[in-house]
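Number of protein chains: 2
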Amino acid sequence: MKIGVFDSGVGGLTVLRALLPRMPSAEYIYLGDTARLPYGSKSQATIARYATTSAQFLAARGAEFLVIACNTASALALDDIRQAVSVPVVGVIETGADAARRSSSTADVMVIATDATVASHAYSSACRERGLHAIEKACPLLVPLVEEGWIDHPVTREVLEIYLSELMQDTARQGMNPDTLVLGCTHYPLLREQIERAVPSSISVIDSAEATAEGVAARLGVKTPAGDTGAVCRFYATDSVEKFRRLGSRFLGQPVLHVELVDLGG
Amino acid sequence: MKIGVFDSGVGGLTVLRALLPRMPSAEYIYLGDTARLPYGSKSQATIARYATTSAQFLAARGAEFLVIACNTASALALDDIRQAVSVPVVGVIETGADAARRSSSTADVMVIATDATVASHAYSSACRERGLHAIEKACPLLVPLVEEGWIDHPVTREVLEIYLSELMQDTARQGMNPDTLVLGCTHYPLLREQIERAVPSSISVIDSAEATAEGVAARLGVKTPAGDTGAVCRFYATDSVEKFRRLGSRFLGQPVLHVELVDLGG
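If you read the protein sequences in the order shown, they are chains D and Z. Letter 231 of the first sequence, counting from 1, is numbered 231 in this note's numbering, and no numbers are missing. Letter 16 of the second sequence, counting from 1, is numbered 16 in this note's numbering, and no numbers are missing.
Careful: at least some of the hints might be erroneous.
No copy labels: a pair is met if it fits in one copy or bridges any two.
[To be verified] Here are the simulated lysine to aspartate or glutamate pairs, DMTMM-like style, with alpha carbons at most 25 Å apart: (1) LYS243 to GLU166; (2) LYS243 to ASP80; (3) LYS243 to GLU260; (4) LYS137 to ASP152; (5) LYS137 to GLU148; (6) LYS137 to GLU193; (7) LYS137 to GLU242.
Hints were generated in silico from the structure; no laboratory data involved.
With the sequences and hints as input, model every part of the structure.
Here it is in structure tokens:
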């Protein structure tokens, strides 16, 4: 089984990282569209154009199953991608909303994500379809903070406190009783501990990367992972392979090797 | 005189803002390559490709003089741009270094900029050619903080203190006696007051947008601005014109009207 994983950058490697132990005998090809990132601040038309060419690239390289590990592309371009390729496509929003439904008792959930993901209200819609009420909050500084490497850093704690207290105030104003927080961006799992410390302990934090890997394994009928850990991973990037290797290793949790530069135009 | 001003986004509007009172009777066309921003984190090859197509677009629209208001493109792609178009091209690095030379008595200067600008050492080279010793510091969080609108904000003050105290420590370690700080990114003029408060009062802060406008006016032989303030400005963006208008007005200091969407491919 050859699984294609796509993200605008290295963040989707948190999804690949979660897939590896669940399906260790699959073959993975990963594309980071680093020449055109970030998607999070761009328009739907532009994101759809970038995401479909990226998905087509992975399909052309033999991917039999596509995981859209980019929240923004999942939110804004999933239908476009499904029309552009003939293989099954799973996005992180649906699987994140599925995990929120399993987690929440109060049916009130919070989602933090990029500007574009929040503006699309894709999480709200996916949650509504599952009988949940979601409130979304854009946290545009978290990606640059993660990329700066300021993980366990006072500034990051302060920024998280500001964003999360504003979010909690919004839920209170709306009379909500949230018990679940979805990390709706692939960079956020690196801040999971800091986020868990910044919210009341009654709140369950859902990592959409983990949720997606679970969803993909379920969809492909994988129950118990084989002992085999010889997964083959190939990496492609549309910009500097050196930077992809360097930043990517932090997200994958292991060294990223053999990155190939590809030109998708533009 | 039709002057083309190019930036990866809205930041270059600080340069246009500085040009307007100096050359109020010129006609301006501004291109923000917002579909492909930010350039600051990308590779030289990618930046050169994006910047030359952008410059060619402005030349094709009749620009008789090009101002590269993007520090990253000025640092990494000025020669490529000059080869790609037949009109005169001025970048922000040279004019910033000229202003630093006029300002500095100790010949030791500091520059803050994006990752890519710093990695190129374009400011160091331009300063060295002018008999100055420059030390450069990448401040990747400042652009997202400005775009979040956190201008006079405790987090921004804290981030500035961290970056600038690291920079001052580096100058001390090198036995430098800096008296000048160049703002080597078009977003930074919005933080000028905060930056001036965070450095010793003996340090002169050079705004590369102002420096560039002065340099362009000098190059074009404009001495005293005419009373005329009827400058015509046309704006083009490669992504959401609505977002360009909204964010851009903050940088231009006046409403941005008539933004036209253009497709440069990619």
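Do the hints match the structure? See the list:
no.	hint	verdict
1	LYS243 to GLU166	between (34 Å within a copy, 24 Å between copies)
2	LYS243 to ASP80	between (29 Å within a copy, 23 Å between copies)
3	LYS243 to GLU260	within (12 Å within a copy, 34 Å between copies)
4	LYS137 to ASP152	both (22 Å within a copy, 22 Å between copies)
5	LYS137 to GLU148	both (22 Å within a copy, 13 Å between copies)
6	LYS137 to GLU193	within (19 Å within a copy, 30 Å between copies)
7	LYS137 to GLU242	between (33 Å within a copy, 21 Å between copies)
Checked against the numbered hints above, the structure breaks none of them.
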